[in-house]
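Q: Those protein sequences? They're chains A and B, same order as listed. The opening position of the first sequence corresponds to residue 1 in my numbering, with each subsequent residue numbered one higher. The opening position of the second sequence corresponds to residue 1 in my numbering, with each subsequent residue numbered one higher.
Calculated from the structure, these hints are not laboratory results. Quick caveat, the model's predicted, so the values are computed rather than measured. A hint or two may mislead.
Claimed, not checked - Partial chain B-side listing against chain A, Cβ under 10 Å, derived:
hint	residue
1	4
2	45
3	50
4	65
5	68
6	93
7	95
8	102
9	105
10	107
11	109
12	115
To be verified - Short derived list, chain B residues pointing at chain A, Cβ under 7 Å:
hint	residue
13	91
14	96
15	104
Where is the CB? At the ideal position from N, CA and C, for every residue including glycine.
Next come the chains, spelled out residue by residue.
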Amino acid sequence: AQSVTQLGSHVSVSEGALVLLRCNYSSSVPPYLFWYVQYPNQGLQLLLKYTSAATLVKGINGFEAEFKKSETSFHLTKPSAHMSDAAEYFCAVSDVGSSNTGKLIFGQGTTLQVKP
Amino acid sequence: GAGVSQSPSNKVTEKGKDVELRCDPISGHTALYWYRQSLGQGLEFLIYFQGNSAPDKSGLPSDRFSAERTGGSVSTLTIQRTQQEDSAVYLCASSYIDRGGGQPQHFGDGTRLSIL
Numbered sequence: 001a002q003s004v005t006q007l008g009s010h011v012s013v014s015e016g017a018l019v020l021l022r023c024n025y026s027s028s029v030p031p032y033l034f035w036y037v038q039y040p041n042q043g044l045q046l047l048l049k050y051t052s053a054a055t056l057v058k059g060i061n062g063f064e065a066e067f068k069k070s071e072t073s074f075h076l077t078k079p080s081a082h083m084s085d086a087a088e089y090f091c092a093v094s095d096v097g098s099s100n101t102g103k104l105i106f107g108q109g110t111t112l113q114v115k116p
Numbered sequence: 001g002a003g004v005s006q007s008p009s010n011k012v013t014e015k016g017k018d019v020e021l022r023c024d025p026i027s028g029h030t031a032l033y034w035y036r037q038s039l040g041q042g043l044e045f046l047i048y049f050q051g052n053s054a055p056d057k058s059g060l061p062s063d064r065f066s067a068e069r070t071g072g073s074v075s076t077l078t079i080q081r082t083q084q085e086d087s088a089v090y091l092c093a094s095s096y097i098d099r100g101g102g103q104p105q106h107f108g109d110g111t112r113l114s115i116l
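Bound-form chain A, shown alone (with noise of 0.2 Å):
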């Protein structure tokens, strides 16, 4: 079975800082994996997905991601981070067991405050 874990349940930067929002992985089969933002009173949307293609995925608002195998890892990065990133991160895993629905797999997320 799938699983995923978020290091960090809250991670604060100074605006300008690099982000970085670890993600590990358990997944028996190659995962799909997914990174979502959610804003207050919001739904997910969706930052970028890996689906084995490229193994460092650029996603939405200068957010990328690289998948490591070795270290079933896909942790997600931003540059220099805006003060408009302030949100809750999820990362997710595709389920491709089975049943294979595609239902989504979510760690617990993290807060990402970004402080002036």
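Chain A is already provided as a structure; the job is to place chain B on it using the hints.
A: This is chain B only, laid out in the frame that chain A set:
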């Protein structure tokens, strides 16, 4: 184009009452998912619909929860005899079907359910 639409956006009801939550997916999306987001449990899968296939109900927490999808489009999630632990944000998502699970899901803004 229109995204996933959920109604109501907020629902407050008394313990023991029944509630219905509605989801209108993106046109052409054959897969529809319901998730629950609560403080203690994070984001949890509830149910999955795909075309005319039998739904995957494996995530429903009790028999008080049920859902249907009429005409392969609009879905309704019903909670009977609500309990305080049902208080959460209920999110609906839709996607194109991809047997590999690589298609991203598009989320509505959710229904915030509060049980008094």
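Q: Does each hint fit the structure? Answer for all of them.
A: Each hint, compared with the structure:
1. 4: Holds: closest Cβ of chain A sits about 7 Å from residue 4/B, inside 10 Å.
2. 45: Where the cut-off is 10 Å and the nearest Cβ of chain A is about 5 Å from residue 45/B, the hint holds.
3. 50: 7 Å, holds
4. 65: 16 Å, violated
5. 68: With a minimum Cβ separation of about 17 Å from chain A (threshold 10 Å), the hint on residue 68/B is violated.
6. 93: 8 Å, holds
7. 95: Given a least distance of 7 Å, the restraint on residue 95/B holds.
8. 102: With Cβ-Cβ at 4 Å, under 10 Å, it holds.
9. 105: Status holds, d = 6 Å.
10. 107: Nearest chain A Cβ about 4 Å off; hint holds.
11. 109: 5 Å, holds
12. 115: 19 Å, violated
13. 91: Hint on residue 91/B: holds, closest Cβ of chain A at ~6 Å, below 7 Å.
14. 96: 10 Å, violated
15. 104: 5 Å, holds
This entry does not satisfy hints 4, 5, 12, 14, going by the numbered hints stated previously.
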